[in-house]
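Chains as they are written, first to last, in our numbering: chain A, 1 to 440; chain B, 1 to 440.
Everything labelled a hint here was simulated from the structure, so no lab data went into it.
Heads up, the list lumps identical chains together, so a pair's fine if it works in one copy or across two of them.
Lysine to any residue pairs mimicking SDA-like chemistry, simulated, CA-CA at most 20 Å apart:
hint : residue 1 : residue 2
1    : Lys329    : Thr396
2    : Lys209    : Met8
3    : Lys9      : Gln48
4    : Lys367    : Thr4
5    : Lys9      : Phe47
6    : Lys333    : Thr396
7    : Lys9      : Ser49
8    : Lys9      : Asp169
9    : Lys9      : Val170
10   : Lys367    : Arg2
11   : Lys367    : Phe352
12   : Lys329    : Asp125
13   : Lys67     : Tyr165
There are 2 protein chains.
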Amino acid sequence: MRMTDIIMKKRAGEAHSPEEIKFLIQGYVSGEIPEYQISAWLMAVYFQSMSFTEAGYLTRSMIDSGKVFHLKGLKGPLVDKHSTGGVGDKLSLILAPIAASCGLQIPMMSGRALGHTGGTLDKLDSINGYSTALSEKDFQEIIKKCGFAMTGQSKDVVPADRLMYALRDVTATVESIPLITASIMSKKFAEGAQSLIFDVKCGSGAFMKTQDDARALAESLVETGRSLGRKVVAVITDMNEPLGKMVGNFLEVEESILALQGQGPEDVMEVTYRLTAWMLVAGGICTTVEEAETLCRKKIHSGEALQAFLENVKLQGGDPEELLAQVGKRRSKYSRDILSGRTGIIQSIDSFAVGLAGVTLGVGRNKTEDPVEPLAGIEFHKKTGDRVNKSERLCTLYGEDPDLLKEAARVVENSMVIEESSTIKKNKPASLILEEITAL
Amino acid sequence: MRMTDIIMKKRAGEAHSPEEIKFLIQGYVSGEIPEYQISAWLMAVYFQSMSFTEAGYLTRSMIDSGKVFHLKGLKGPLVDKHSTGGVGDKLSLILAPIAASCGLQIPMMSGRALGHTGGTLDKLDSINGYSTALSEKDFQEIIKKCGFAMTGQSKDVVPADRLMYALRDVTATVESIPLITASIMSKKFAEGAQSLIFDVKCGSGAFMKTQDDARALAESLVETGRSLGRKVVAVITDMNEPLGKMVGNFLEVEESILALQGQGPEDVMEVTYRLTAWMLVAGGICTTVEEAETLCRKKIHSGEALQAFLENVKLQGGDPEELLAQVGKRRSKYSRDILSGRTGIIQSIDSFAVGLAGVTLGVGRNKTEDPVEPLAGIEFHKKTGDRVNKSERLCTLYGEDPDLLKEAARVVENSMVIEESSTIKKNKPASLILEEITAL
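Using the sequences and the hints, build the whole thing.
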């Protein structure tokens, strides 16, 4: 087999065999195939795409390029959730304890904030003492004890993706549905999940700006999963305005605790219940999503979900009592309110702009090596559709630097559109759940 | 400027600025831009192509990447011819002395045989004593004295093309019209030509198999030349059967001498006269191709073209008298005739197959480092359209190895289609000149 022939085949729009994909990935990881051939192939894939079956072969070969967590000590069902990234997206922190309290086991390996989107790992790191660098043994032990564990991604998992993602980043080949699919799926399956629920976010604050693009990715994830014989569900959710009232690291931990205490914002809970319900269906615990949603609500009201979360905090090194005592109290050194310039209705809050303001405050980062500010962030007192009076507080920004706070405040202020007329329509969708695609 | 943005721009089908192309070529040659970015860009160019203007920028930046022969000691007009490669294509050896005897100066830097196509340099090297490795000073001196010189390509000329061609070869990005255009044109202009005549061959033995593909390349060469303010003519010629009666190195030198003596085969002379005539028009020596063709014929009949050739042979180290004496006599150790299996008319001779048989005999080579056999080759006694009797000689093969001779004979025999019926049409076109595209 010659790499040039493989490139030529994809260039002509032909489908690859599993052997060709295996040859390519193994050769790439071992260094036998040079990067200049891989990048030419990546660009050919960008133009000619791949079938779901080919994306399945790619996912499989990428999984095989490194360590696979078999989690044999766990009985399962092992179901994980993956979000394509958003602003104010703290759902993992709420959904994992609910799902665990319903009997699922969730082996959650998460990433860090990058660009305008937040990262679950940075949020967890804002909890005093909480460790997101678990050994494989501890990871399994904690899942066994409380149903879920949350840790960073192991460097040994899917080295092909680490190499290829870096190469795609510098060769303008990131935006390819089958490449994105294989990148996401290979990591999740290598980390031990048996079934996967995807939250494909769509809108200004998401990677996919349009519903058509989001649907293309959702379909690819589901169908590629099907070609691998896995249960996969993709839920397309709206990400035009930030999710919930809090955007930040510790701020979002707080909002998650409130959610587990039954006081979560409506938008957060709608998406959380739906995603968790699909996890329960995929894991075989419930038959329908309606039945599953009812069970999830019960686990919130009974306090079992909160208990699972607090137990996890303890097992991963945190202090549950201290954490609960900090809710609403642990804040950055500086804060700044944004007041409404007029009386009217909030028409929209641009989540992309809010995400960028978050980066300014230190919620997220531009480069992977930059540090984050655990306490910085934005607390919205009003969201889209809410009436506000002139000079009423719209939101409060928290940060460690008054100048950056001022800069971020300007961005957040501009991100909010308030119209005085009461006749104009709200931009808020009736539901954040836009579409659901399943392979069960 | 960032290379990733440049790739993204081409990926989106946008046009590059001259600055972007310059940045890319300079960065590539200096090693600042890694090959994996260049190859991704090459694949994007393969899919999105480039305008003639962009191909002009690329040609210009590639020329600027290395040494440029200014040939300031020559008065000109300096006109060169380039063929896209064929089988039995010895036209340079005939056309250069005719054009020189008409008053043009031809700075000819040629390549070697590769694959099924022959190379001018290998043909010239078959002349005892003839040097194809001239210094820049000797190159200019010889052109000054006899109107033309023929040498190998300098390694200092267009290093960007040497690098990029090697990269294209291993990344399946060879077949891109603007990249082919810039590769060919940059070398020819850097070697000192002011105007260029292209023989774009078309058919089984050519790089371009169809007339549509040949036309696309011809148009690109002419229009890119126009965008650079150069006079360029592209003549599309038929390359379905080998050109002339001889395929080989010294065999083709012989046929060239016969042509200069007024005994050239009809097909060879038709294309030679036409290409040379366009050179004379481009060089301003004649006003019309008809007038120019008449002048070319005169230079053959008067013997002036032959004299120019023999003078060049002497100046480049050969012995004209010895050479003339060798015509028809200097042959390989072994030979083998192919006899016709039937009485009929030759319908076609597949030049691609004949070219491959040539490689078997040692006329050409598969790898650039392989040696060639100067005396090996194929002499056709009959060509397409000729009547043959059963057991009459179709051609004679020459070689240094009886086994290879046998192998090649089988291929050549299969390349010739002879039909017994006298009613079927000949495949031979009325003229080998299929189309002409000019920018004058």
